[in-house]
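Order-wise, the sequence lines are chains A and B. Taking the working numbering, the leading residue of the first sequence gets 28, the next gets one more, and so forth. Taking the working numbering, the leading residue of the second sequence gets 6, the next gets one more, and so forth.
Honestly, I wouldn't trust all of these hints.
Just a few of them, taken from the derived set where beta-carbon distance is under 8 Å, the chain A residues facing chain B [what the hints assert, rightly or not]: (1) Ala42; (2) Ala43; (3) Thr46; (4) Asp48; (5) Thr84; (6) Leu85; (7) Lys86; (8) Ala89; (9) Gln105; (10) Leu703.
In silico DSSO-like pairs for lysine-lysine, Cα to Cα no more than 27 Å straight-line [what the hints assert, rightly or not]: (11) A:Lys423 - A:Lys397; (12) A:Lys722 - B:Lys84; (13) A:Lys357 - A:Lys441; (14) B:Lys103 - A:Lys717; (15) A:Lys582 - A:Lys661; (16) B:Lys137 - A:Lys86; (17) A:Lys83 - B:Lys84; (18) B:Lys137 - B:Lys103; (19) A:Lys423 - A:Lys477; (20) B:Lys103 - A:Lys722; (21) B:Lys103 - A:Lys86; (22) A:Lys717 - B:Lys84; (23) A:Lys452 - A:Lys548.
Hints listed in this document are in silico derivations from the structure and should not be mistaken for laboratory results. Where is the CB? At the ideal position from N, CA and C, for every residue including glycine.
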Amino acid sequence: MPTSFTPSQLEEQIAASVTGDLNETEQRELEVYLAEHPDAQSIYEESQAMSHLLEKTLKRDAPDHGFEDRMVTRFRRQTRQKSGAWNTFIAGLFNGPQRAWIAAVAVFVVAFLVGRTPEPQVLEGPALEKESAKEVKDKAVNIVSARDGHDVSGYADAVAAYITSTSDHAGVEVEHKEHMTQKRSALLSGEAIPGLLNEREENAALLRAASAAPTNVAETTKAEVVNSHFPGAEAQSSNTNSIQTVDTAAAAVETQRKLIRNAGITLEVVNYATVVHDLTQLARAEGGFVSTQNDRTQANGRSAGQMVIKLPPDQLDTFVGRLHEFGSIKSQAIKTDDVTKAYWDTEARLRNANLTEARLLELMEKKTDKVSDLLQVEKEIARVRESIEQMQGELKLWDSLAALATVTIDLYEKDLNQAADYLLKETATLSLFSSDVEKTFQEARSLAEKSEAQILSAQINRGGDDQISATVSLLASPDQSTILIEQIKALGRVNSYVINSERVAQDGQDAVETGTTRKDKVRIDLTLSDEESPAQVTHLDVQGNGVADRVDELKKLAQTLGVSIRSSSFLKGADGVELATMVFRLPEKDYPHFLEILKGSGKTSGITVERRDRVDESQIKLESDPVEIDFNLKSAPSEVSFHKGFIASIRNTLSRSFGLLMTALERVITGLAYLLPWLILGAVGLLGVKLLRRKK
Amino acid sequence: MTSTMTPLAVEIEPSTTDIIRSALRGDEEAFEEVIRLYNRRLFSVAYGIVQSASEAEDIVQETFLAAHRNRWRLFNPTKFPGWLILVARNKARDVWRKRVRHATDAISEGAEEALQDHGVACPSKGIEESEKEHILRTLLDSLPEQWRAAVTLRYLEGLDHSTIEQRMGLSNGALRGILGRAMARLRDNAVFHQAEFRN
Numbered sequence: 028m029p030t031s032f033t034p035s036q037l038e039e040q041i042a043a044s045v046t047g048d049l050n051e052t053e054q055r056e057l058e059v060y061l062a063e064h065p066d067a068q069s070i071y072e073e074s075q076a077m078s079h080l081l082e083k084t085l086k087r088d089a090p091d092h093g094f095e096d097r098m099v100t101r102f103r104r105q106t107r108q109k110s111g112a113w114n115t116f117i118a119g120l121f122n123g124p125q126r127a128w129i130a131a132v133a134v135f136v137v138a139f140l141v142g143r144t145p146e147p148q149v150l151e152g153p154a155l156e157k158e159s160a161k162e163v164k165d166k167a168v169n170i171v172s173a174r175d176g177h178d179v180s181g182y183a184d185a186v187a188a189y190i191t192s193t194s195d196h197a198g199v200e201v202e203h204k205e206h207m208t209q210k211r212s213a214l215l216s217g218e219a220i221p222g223l224l225n226e227r228e229e230n231a232a233l234l235r236a237a238s239a240a241p242t243n244v245a246e247t248t249k250a251e252v253v254n255s256h257f258p259g260a261e262a263q264s265s266n267t268n269s270i271q272t273v274d275t276a277a278a279a280v281e282t283q284r285k286l287i288r289n290a291g292i293t294l295e296v297v298n299y300a301t302v303v304h305d306l307t308q309l310a311r312a313e314g315g316f317v318s319t320q321n322d323r324t325q326a327n328g329r330s331a332g333q334m335v336i337k338l339p340p341d342q343l344d345t346f347v348g349r350l351h352e353f354g355s356i357k358s359q360a361i362k363t364d365d366v367t368k369a370y371w372d373t374e375a376r377l378r379n380a381n382l383t384e385a386r387l388l389e390l391m392e393k394k395t396d397k398v399s400d401l402l403q404v405e406k407e408i409a410r411v412r413e414s415i416e417q418m419q420g421e422l423k424l425w426d427s428l429a430a431l432a433t434v435t436i437d438l439y440e441k442d443l444n445q446a447a448d449y450l451l452k453e454t455a456t457l458s459l460f461s462s463d464v465e466k467t468f469q470e471a472r473s474l475a476e477k478s479e480a481q482i483l484s485a486q487i488n489r490g491g492d493d494q495i496s497a498t499v500s501l502l503a504s505p506d507q508s509t510i511l512i513e514q515i516k517a518l519g520r521v522n523s524y525v526i527n528s529e530r531v532a533q534d535g536q537d538a539v540e541t542g543t544t545r546k547d548k549v550r551i552d553l554t555l556s557d558e559e560s561p562a563q564v565t566h567l568d569v570q571g572n573g574v575a576d577r578v579d580e581l582k583k584l585a586q587t588l589g590v591s592i593r594s595s596s597f598l599k600g601a602d603g604v605e606l607a608t609m610v611f612r613l614p615e616k617d618y619p620h621f622l623e624i625l626k627g628s629g630k631t632s633g634i635t636v637e638r639r640d641r642v643d644e645s646q647i648k649l650e651s652d653p654v655e656i657d658f659n660l661k662s663a664p665s666e667v668s669f670h671k672g673f674i675a676s677i678r679n680t681l682s683r684s685f686g687l688l689m690t691a692l693e694r695v696i697t698g699l700a701y702l703l704p705w706l707i708l709g710a711v712g713l714l715g716v717k718l719l720r721r722k723k
Numbered sequence: 006m007t008s009t010m011t012p013l014a015v016e017i018e019p020s021t022t023d024i025i026r027s028a029l030r031g032d033e034e035a036f037e038e039v040i041r042l043y044n045r046r047l048f049s050v051a052y053g054i055v056q057s058a059s060e061a062e063d064i065v066q067e068t069f070l071a072a073h074r075n076r077w078r079l080f081n082p083t084k085f086p087g088w089l090i091l092v093a094r095n096k097a098r099d100v101w102r103k104r105v106r107h108a109t110d111a112i113s114e115g116a117e118e119a120l121q122d123h124g125v126a127c128p129s130k131g132i133e134e135s136e137k138e139h140i141l142r143t144l145l146d147s148l149p150e151q152w153r154a155a156v157t158l159r160y161l162e163g164l165d166h167s168t169i170e171q172r173m174g175l176s177n178g179a180l181r182g183i184l185g186r187a188m189a190r191l192r193d194n195a196v197f198h199q200a201e202f203r204n
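Isolated chain B (complex conformation) (with noise of 0.2 Å):
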């Protein structure tokens, strides 16, 4: 896994330092402009490994009080928005892996019945949008975390390629590669709706 523990480096521009430090301080008119500035980016980390928006928003809301409960530890400003993501990311890995205890086999099961029903079985019949998606996000769910994130930044925030490789830390043109491996891995495992995905 990459890069577990280690705050991520993000880049921020002086001001925003200056308004980290007044929301680290204590000033909650400046933490409202930090989570202003930040929840978007949060959102898409934690929706990157849960795949739910409900469950995303609440992780998003859960980092940033956590945040201000803990602002006294904090020193420096710089790392206010890499120590952010990592907790946010800390906290979808928790509600993920709960999930996945609790129901390992009722969403596994559930899946490969799903396709069972829907696929093999019969082919021709058409699947209503919603089990589409349904279908989608279990496919989803079965990516590494580091794919899923990849194409939750494409699709979900709509950012291009270079944006992406510098918000992932990963080299240049290496998201192709990713990408590339996730849309193969999705094809294949849907390989089942051929048909359906066409139309």
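With the rest of the complex left out, here is chain A (with noise of 0.2 Å):
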């Protein structure tokens, strides 16, 4: 049976058959399926010629035998000529069992080192300067070292170099470049480079003087450069002329800065008065002078004060160090304010602003035609007179402080917190139950005045609700104390009596055995009410329902039996539970009834007596004694809240896990954070490996 294909099944029959895929039986379909259809066998032999072609060909392309000879050769000497021992030592240990190890251990060293660094410091203030210093220093060390090379032309590009570099900060650093090279001008006409004396323009004269006269004018200037930007810096150069040069030239710039100097000392000493005379002769003879002293005498006899002495700022240090020989020193604290930096930038401000002024003055000297700019002008004038004198002052002010500097000394003679003697305080604080306010009080007062004591205050206060109160504070002497207090407790009865007593060290603190004590006037603190302390209360828990109509109802009751309600408050919690607090005053014979009333408005939760004893036990009258109840009505929480339920567990929920969620995203981008430094490590590490094996 004659098979059929369709073209597709055709083209991979015949590219089966040519790559001689086809088994016998389809071999000879093919064939008679060939014989069939020309146009089919027309495919075949094309498809035939082009198998011949594409094996002819690529047969040709074919790697030989020596394909494998020459890519192990050339493997070979590849790898061979760039091993060196290093090389396979480096690779070894990337190599093996060990790598794992390896890379530990490096983790490891890179985290000790990483561990060992300093914390980084925030660059500012002297951080800032010393870098910058250092950065000079560096650049004159270079100027120095193309100098010793005698390579003139190099160290005038350097200087060139330099002073290109330093004129490329802005603003005040200019102006202080500007008041340097008036310096620099300054140092140059101190050499002896007569020709050089009037030229101003720093550059130029630098330039010049540099390849008239290099040795010279290169250690002045490096000095210079150095010095002004980095004082007290040591040039870094074998050469001993030039550090000598140096030294000077720093003493000479020293000078010029502008530093405060002051110093403040603690000193105990022995005998007040002479160390206060050897030290006034100390400073005159150092120089100085004592600016301002105060004594002042303790109790105990000893004396304290402080001095502030004046001194040339060399002299300090002499001075302070002879400072022991006065006594011992307690604390000491020298302090130096470098403040040339701001000096000179107020100096060229007021340069600056003179200058305006200047103009300005000529500019009203032409400009008189119109009012209005006329009064511009003098506002301007005005203006700027004012900051000139601003900063005048400010130049003075340091001017003065760098001049001289000053210590202030702190002197005390031994044993001055020692207290000479102690001072016995009393203060009683009296209670007093009256059911006659005002009759008490004036009898009261009738009685301090019969024992002489000292009235301070003495009021009465009435109350909206016909209550009223007394206070009053007296004075006693010491000896008449005790027998007042016993009258006036006599007038009513005690609610509560303290006695406070405190013994006060006079002029110093510490305690000494021998000190003499007296006892100072009694003060009495005496307040009188009407109303009585209750001599017992009681905290009573009920929870019952209805607790709003249960309180009416016991207002009701309380008002027809005569029990006053001191304060009563209701409130609904959200949860829907209702809490009364009620509390009653009554007297104590009524009190058994009206608790079981109470009891009875349900379930009783709790109940707790205290009991209040009189201060004086003989006044006790048991019957008429106020008692309070403290009673708490609560009902049990039987609506539906809006913190349960389903819906409010479901919020619950998740407002809970949104926040776990929130602080576990805060602690994850955290600890990315605190990881990026190590994946940066990382990767640099890699690449640098990489690097090294792209090498080898």
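Take each chain as given, in its own frame, and dock them per the hints.
Structure (structure tokens):
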């Protein structure tokens, strides 16, 4: 049976046939088909031709026998020629089972090194100055080395480069440089180059000087450069001459610096007067003077005081150094404020302001036609004038502060803190109950007058609801006080009585056995009130329903029974719980009956009875004693709360989990932030290794 | 494109694994052995893409050197052959792409011209063998990479269908389809050269 093929099937069969993949049956079928279809036959023939061509062409490209050997030989050449002992070692490190250990050790070492590096500091103030000083020093050294090589033009270039680099700074720095320029010129004029004396054009001068007399100018300029930026910097050069020049120049520049020096010393001395005298002498000998001095003598006869001494700054160290001869130094602080930069800045600004003023004055003379212009200019002049004066004041202040160092000496004699004597202060606080406050008040006053006590204050307060209270403050002499207090106590019933006594050291804190004790006047604070403190307080907690209604009921009941309600509050919580708090005050005889009524409001959940004992037992009158009941009525949570139920739970869960999620996220982010440097480190390390390999 | 980045799963014998392992640890003799084991295979991969023996040879060389340089990065010896093939294939593709980019116009137009000049314009004129080959290469270049690889494995290495299918990760019998389509494409593009090809 003849087989039929679709075009693609035919292609497949033909391709399989020419590539020798057809089995016998398939081959026969194809041949039968081809015999019947001339078109297919031609395709077959073309395919065969193509197959032949492919075979012929590609076979030629097939790797020959030498291919393998070529590969190996070239490989050998490429790898062997590059692998030295070191590379082999490095490569060996990264191969084999030990590489995990090596990686761990490397990580540990890196971590250790990272840990050892100091914490990064915020670059400001001294740190920055140091940095730039180092830079300048380096530059200066470069300049020196250029000069040492006798390469004059090179040196000149270096100087020029340095000057250019300094002029790169803006604003204040430029002014700074301007100032330096003047100083540099001044220094130059001091050197033996008279031809340059009048040269104010700094750069040109330096360059010309560099080519004319390289050695001198080089040293001077370098020294100046170093010192103006970095006082005390030692030039790192083997040239001793140059170092000496640096030192001299350093001294010269040092005097122009504005340094404000202060010292603060605390000195413990044996004899105050002698030391003050000796210090005054010493200050005078050192070229200084005592600016201010104040003394005080304690009750125990010990003296203390403060001296402020002004000295030439260079004498400060010797002076402070000698202070230990006068007593023992308890604390010492020497401070130096370098206001040089601020000073120069202000100076420069002052110059500018002066110029501005001059220009403005000029302007005012010229333009007199318009009044408004004139006013404007005048206003401007006033402003400039003001700032000029302010700056001048500042400079003067700095000048005066820098001209003399200030030494502040706090002096005190030994045993200054030992108290000479003590004062015993007594305060009696007395609270009395009286049915007739006004009468008792008058009685207390007359008692005080009789015992010659001093009345500090006396007043009667009338409350809104017929309540009346009074306070009296007395100062009684120590011997009278005991009797007076007893007399006052007899005036009514004592609610409370407290005596407070305190021993106060006079002049000093240290306790000393030998100190004498004096008794001060006794203060008596008396409070009178017609309100008796309850003899007994009962706390009663009851749980019941219909709290609000019950409260109303109880209020009415209390009124009929003559029980006073001291306070009453009612609140309904978010969970539907009602809570009423009431405080009742009643005579003790009515107490058991009323307590039963209260208990009838519901289920008693707690009761505590607190008995308050009287200060004076003899005065107890049981029958009429007031008692208080602190009554709490609470309903069971009956209503469905907003905070309960399915929705609330879901919401609660969501909000809580969201909070936790946020916390977790925050930690993850923080963690990543901490990880980042490590990742960078790792990446850099990998890159390094890769590069190393690449080179190999 | 098939399996561009995944290393091919290449079956290897246990003894080969040992050789590869020591090669990865820096044993250069073992590495030479690896070169001997895989150079032909890599060559056909590279050739299948670039269709140039000299370029393919360079690619194989570079592949081995790169493998040697980066051997410390590879932990698993069984993945090494697949990795080698992947590297060779990528390098070959780089070369191929570069060539296409540099000479897209030159080559395609040149091919067109070649076809025009020698095919249509003067059909009766015999084409020199080298020119025939040149045209054939141009035609091969125009095939999809997979087809080209199949043709290369069949004619360059002379492998049978089942081996090629295994190497290329093809299902049983799929190669017939690929070769059929490749052959048809080659034939169609070379339709102008019927006479010459039959000779």
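How the hints compare with the structure:
Hint on Ala42 of chain A holds. Least Cβ distance to chain B is approximately 4 Å, under the 8 Å limit. Contact between Ala43 of chain A and chain B, as hinted, is supported at the beta carbon level, the nearest pair being about 5 Å apart and thus within 8 Å. At about 6 Å, the closest approach between the beta carbon of Thr46 of chain A and any beta carbon in chain B falls short of 8 Å, and the interface hint on this residue holds. About 4 Å separates the beta-carbon of Asp48 of chain A from the nearest beta-carbon of chain B, less than 8 Å, and the hint is met.
The criterion of a C-beta within 8 Å of any C-beta in chain B is met by Thr84 of chain A, whose closest approach is roughly 5 Å, and the hint holds. The beta carbon of Leu85 of chain A is positioned within 8 Å of a beta carbon in chain B (closest approach about 4 Å), and the interface hint is therefore held. For Lys86 of chain A, the interface hint holds, since its Cβ comes within 8 Å of a Cβ in chain B; the closest pair sits about 7 Å apart. At about 5 Å, the closest approach between the beta carbon of Ala89 of chain A and any beta carbon in chain B falls short of 8 Å, and the interface hint on this residue holds.
Hint on Gln105 of chain A holds. Least Cβ distance to chain B is approximately 6 Å, under the 8 Å limit. At its closest, the beta carbon of Leu703 of chain A sits 24 Å from a beta carbon of chain B; the interface hint therefore is violated under the 8 Å criterion. At roughly 38 Å between alpha-carbon atoms, Lys423 of chain A and Lys397 of chain A are farther apart than 27 Å, so this suggested pair is violated. Proposed proximity of Lys722 of chain A and Lys84 of chain B is supported: the alpha carbons are some 26 Å apart, at most 27 Å.
In summary, the hint linking Lys357 of chain A to Lys441 of chain A is supported, as the alpha carbons are separated by about 12 Å, within the 27 Å threshold. Note on Lys103 of chain B and Lys717 of chain A: the hinted pairing holds, with a Cα-Cα distance of about 25 Å set against a maximum of 27 Å. Pair hint Lys582 of chain A plus Lys661 of chain A holds up; C-alpha atoms about 16 Å apart against a cutoff of 27 Å. Distance check on the hinted pair: Lys137 of chain B and Lys86 of chain A sit about 15 Å apart at the alpha-carbon level, within 27 Å; holds.
The suggested pairing of Lys83 of chain A with Lys84 of chain B is violated, with an alpha-carbon distance near 35 Å, which exceeds 27 Å. The hinted pair formed by Lys137 of chain B and Lys103 of chain B meets the criterion: a straight-line CA distance of about 25 Å does not exceed 27 Å. Using a Cα cut-off of 27 Å, the hinted pair Lys423 of chain A and Lys477 of chain A is violated, with the two alpha carbons roughly 69 Å apart. Pair hint Lys103 of chain B plus Lys722 of chain A holds up; C-alpha atoms about 25 Å apart against a cutoff of 27 Å.
The suggested pairing of Lys103 of chain B with Lys86 of chain A holds, with an alpha-carbon distance near 26 Å, which does not exceed 27 Å. A C-alpha spacing of about 21 Å is found between Lys717 of chain A and Lys84 of chain B, which places the hinted pair at or below 27 Å, so the restraint holds. A C-alpha spacing of about 7 Å is found between Lys452 of chain A and Lys548 of chain A, which places the hinted pair at or below 27 Å, so the restraint holds.
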